[in-house]
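J.: Sequence:
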Amino acid sequence: MRAATFSLLIALACPTAALAGNETAACMADATTPEEQLACVGKSSDACRAHLVDAQPSLVAGCITDEVGWWRHRMMDAEAAMQARAEKLDVPYTKQIADGAPRLTDDFDTMRKAWTNWAEKRCTFEAMLHRNSPRRMVYAIDCHLHLTAEQALYLEAAAKGQ
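The sequence shown lines up with residues -20 to -1, 1 to 142 when you count with mature numbering (1 follows the signal peptide of the UniProt record, and there is no 0).
Take the hints with a grain of salt, since some may be wrong.
[As the list claims (entries may be wrong)] Using 27 Å as the maximum straight-line C-alpha spacing, the simulated DSSO-like pairs for lysine-lysine come out as follows:
#1 K23 - K140
#2 K75 - K23
#3 K140 - K75
#4 K93 - K68
#5 K23 - K101
#6 K68 - K23
[To be verified] Label pairs and their calculated CB-CB ranges:
#7 A138 - N97: 18 to 24 Å
#8 M56 - D10: 21 to 27 Å
#9 M108 - E15: 27 to 33 Å
Think of the hints as simulated: they come from the structure by calculation, not from any bench. We put the CB at the ideal spot given by N, CA and C, even for glycine.
All chains should be modelled from the sequences, with the hints used to inform the complete structure.
T.: Right under this line is the structure:
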C-alpha cells in the first residue's frame, strides 16, 4: 500500500496546468467567499467521472488526480506568494533576527514541510481505513484533493494578508 501511495505522490508532483473544460476553474472565477471557493473543490473531477462509461477505481482516481494537479499548481503559486510576503514581513525585524529571533520565512518553510509530511500520512491512513476495498486508491487521492485545495486556499488568503 505504501508503494502505491508513493507512486501516487510521484504522479501528483507533476501538476496539470489546466484541465479541459475545467469546471473547478470556472467555479473559482465566480466564487467570492471562502465558502464558495471550498464548494468548487471536486467540480472538475465530478464532471470527469460523470463521463466515465466504466467507473473502475483507477479511472475514477485518474479523474481526481487531474484536479489534484490543478490545485497543486495553485498551491505552488500560493507558496511563492506567501514566501515573498514572509520575506517582506521579516524586514522590520532585521535587528531582532540578527540577534537570534525567529524568521517568518523559516517558520513558513517548517510549516510547509510539516504539512507535506502530514498530508501524505493522513491520506495513507485514509486509504488504509479501506484496505479491503478496491476503491482505496480513490479514497487516498480524494483525500489529497481536499487537503491540497484547502492548503492552496489557505496560503492564497495568507499571502494576501487575509
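J.: Does each hint hold? Answer for all of them.
T.: Here's how the hints hold up against the structure:
This hinted pair checks out: K23 and K140 have alpha carbons roughly 25 Å apart, not beyond 27 Å. Using a Cα cut-off of 27 Å, the hinted pair K75 and K23 is violated, with the two alpha carbons roughly 48 Å apart. Straight-line distance between C-alpha atoms of K140 and K75 comes to about 25 Å, which keeps the hinted pair within the 27 Å bound. For the hint linking K93 to K68, the alpha-carbon distance of about 21 Å falls within 27 Å, and the restraint holds.
Between K23 and K101, the direct Cα distance comes to roughly 25 Å. Compliance with the 27 Å bound is thereby established for this hinted pair. Straight-line distance between C-alpha atoms of K68 and K23 comes to about 35 Å, which puts the hinted pair past the 27 Å bound. Checked against the hint of 18 to 24 Å, the pair A138 and N97 passes, with Cβ atoms roughly 19 Å apart. Checked against the given bound of 21 to 27 Å, the beta carbons of M56 and D10, roughly 23 Å apart, stay inside it.
Look at M108 against E15: about 31 Å separates their beta carbons, and that is inside 27 to 33 Å.
Hint compliance for this structure: hints 2, 6 are broken, all remaining hints hold.
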